[in-house]
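These protein sequence lines are chains W and L, in that order.
Using our numbering, the letters of the first sequence correspond one by one to residues 1 to 362.
Using our numbering, the letters of the second sequence correspond one by one to residues 1 to 106.
Worth double-checking, as some hints may not be accurate.
Here are the computed lysine to any residue pairs in the SDA-like style, where the Cα-Cα straight-line distance is at most 25 Å [unchecked claim]: (1) Lys227/W <-> Arg14/L; (2) Lys227/W <-> Thr53/L; (3) Lys25/L <-> Gln218/W; (4) Lys227/W <-> Lys38/L; (5) Lys4/L <-> Asn233/W; (6) Lys38/L <-> Thr53/L; (7) Lys25/L <-> Pro330/W; (8) Lys4/L <-> Gly339/W; (9) Lys344/W <-> His357/W; (10) Lys227/W <-> Leu93/L; (11) Lys53/W <-> Glu16/L; (12) Lys38/L <-> Ser21/W; (13) Lys53/W <-> Asp89/L; (14) Lys4/L <-> Ser21/W; (15) Lys25/L <-> Ala228/W; (16) Lys53/W <-> Lys4/L; (17) Lys344/W <-> Lys4/L; (18) Lys25/L <-> Ile355/W; (19) Lys25/L <-> Lys344/W.
In case anyone wonders, no lab produced these hints; they're calculated from the structure.
These numbers come from a predicted model, not from an experiment.
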Amino acid sequence: MPPTLNPLDLVSRVNRDVERSLLRARNGVRYMRGSLRADVGATPKEVVWKRGKAELWRYRNGTVRHGPPVLIVHSLVSRSYILDLRPGNSLVEYMTGAGLDVFMLDWGVPDELDADNDLERYVDWYLPRAVAAVQREAGSDEVTLMGYCLGGVLGALYAAGHEAAPVRNLVLMATPVNYDAMGAMVALLREGRLDPDELFDDTGNVPADALYSGFYMQAPTVEVAQKATLLENLWNDEFVESFQAMAQWSRDHVPFPGAVFRQLVEDLIRKNVLMTGSMRLGDRRVDLANARGNVLNAMAERDNVVPPPAVEPVMELIGDPARREELRLPGGHVTFGTGRSAVKHTMPGLTGWIIDHSDEET
Amino acid sequence: MSSKQPLWLQAVHRLERAVGEPIEKAVRTDTYFDVVTKATRATAQARRTVVGTSTRVLHLLNLPADSDVRRMREQLARMERRLNQLSDDVSELDGSPPRTRSRTRP
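Let's have the full structure, built from the sequences with the hints guiding it.
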């Protein structure tokens, strides 16, 4: 027997639908006009150090209860606000809220001045200075170094290549080491296909548009489904703001510095050198097993940018075997910064591990 | 979750997957990567031809071309990089690293 419809229910449903239609119209106009900008990167912070385009931010969000301070090294291909996307959905906010002293090394937007920046520039020049600045600011002898995506590669090379690196913990988030397992993301750059120089623009860097196209072509029709979902939820301010924030980030790539891109293609992708356990950096060979500190290898099970097989070998290559741990998370590449799964699994998982390997501040 | 979605939205999602899955498979094939490689090279070659012709015309008229401006920008960038390096070296010798403190937004 079909359920009977209460007239009062019917009236309330009509009222709800009318109200939602009005809100849809209002948000739709705002969306089309572009005046609905998401409030991204909202955790209070200050710039405490700056060199070239690189800036070191210190977040201020409550009392610091655990040390050493955490230095997040962001990737070179995207904007760092993915890790502080929106209030209530931010890894940085979660970590600071849990009493960690969080710093972010943001690389800025490279231009022709950065075209010569190579791996050595990042690993041997920027990182030691940024780490020293963190130590100075926080008054700490050590740091927890946390690298996201390519930022993890930079962090691992720094921790392995500097004998005096004051790294208590090395947290690698979606850090690719096996480039043979990177699939479609790097297929265009394999031997015999495009050479790095063919992608450079007049500034000597890979333009942000080229990087965006690479990511977009992974799933070119998904945007249609996303826009349809937005249309259905256009009445919901919270949903629209989250959608805007994510859409803004996914289009907001930065140019990739030419010299480091050349090394990425020739050494990491074509020779897959990290899988040998070492890499030539400047005039020396860096042995990844020499990485200092406890190592946490965090990966997302449904990451199609850096799939788990590209990340798993960290457990055999980086740091002291007795001090390596693995954290498998549900979700995709952005689960390290945002999303329901991030709030439920990633943020507590990463923060808990760091706190377990930190000291109580008195 | 999907049961709470209206029928039209479920239909759009199904249609998107029906079209999207074969496309996603296609853009992961060697054929696709070979086509993109050739297309990128052809576009670059066409651009070089057009730029080469326009440069010759502009030089005939004794006017600077885009490539001249680009070379100048490269030289300026090299000089600025060198200046920045020197400035950093001097700061570190002084023991007073350039340091800034300000509120920031992305």
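Measure nothing beyond the straight line between the CA atoms of Lys4/L and Ser21/W; if it is 25 Å or shorter, mark the hint as holding. Status holds; Cα separation ~18 Å.
Would the hint linking Lys25/L and Ala228/W be met if the CA-CA limit is 25 Å? holds, 23 Å
Tell me if the straight-line CA distance from Lys53/W to Asp89/L falls inside 25 Å. Within the cut-off at roughly 17 Å; holds.
Regarding the pair Lys25/L and Ile355/W, is the alpha-carbon distance no greater than 25 Å? Violated, because 42 Å separates the two Cα atoms, which is more than 25 Å.
Does Glu16/L lie within 25 Å of Lys53/W when you go C-alpha to C-alpha? Not satisfied, since the Cα-Cα distance of roughly 41 Å exceeds 25 Å.
Does Lys38/L pair with Ser21/W here, judged by a C-alpha cut-off of 25 Å? violated, 49 Å
Could you grab the alpha-carbon distance between Lys227/W and Lys38/L and see if it respects the 25 Å cut-off? violated, 32 Å
Need the status of pair Lys227/W, Arg14/L: alpha-carbon distance at most 25 Å? holds, 14 Å
Can you confirm whether the C-alpha distance between Lys4/L and Asn233/W stays at or below 25 Å? holds, 12 Å
Take a quick look at whether Lys25/L and Lys344/W sit within 25 Å of each other, Cα to Cα. violated, 32 Å
Is the straight-line distance between the alpha-carbon of Lys25/L and that of Pro330/W 25 Å or less? holds, 23 Å
Tell me if the straight-line CA distance from Lys227/W to Thr53/L falls inside 25 Å. violated, 44 Å
Checked against the numbered hints above, the structure violates hints 2, 4, 10, 11, 12, 16, 18, 19; every other hint is satisfied.
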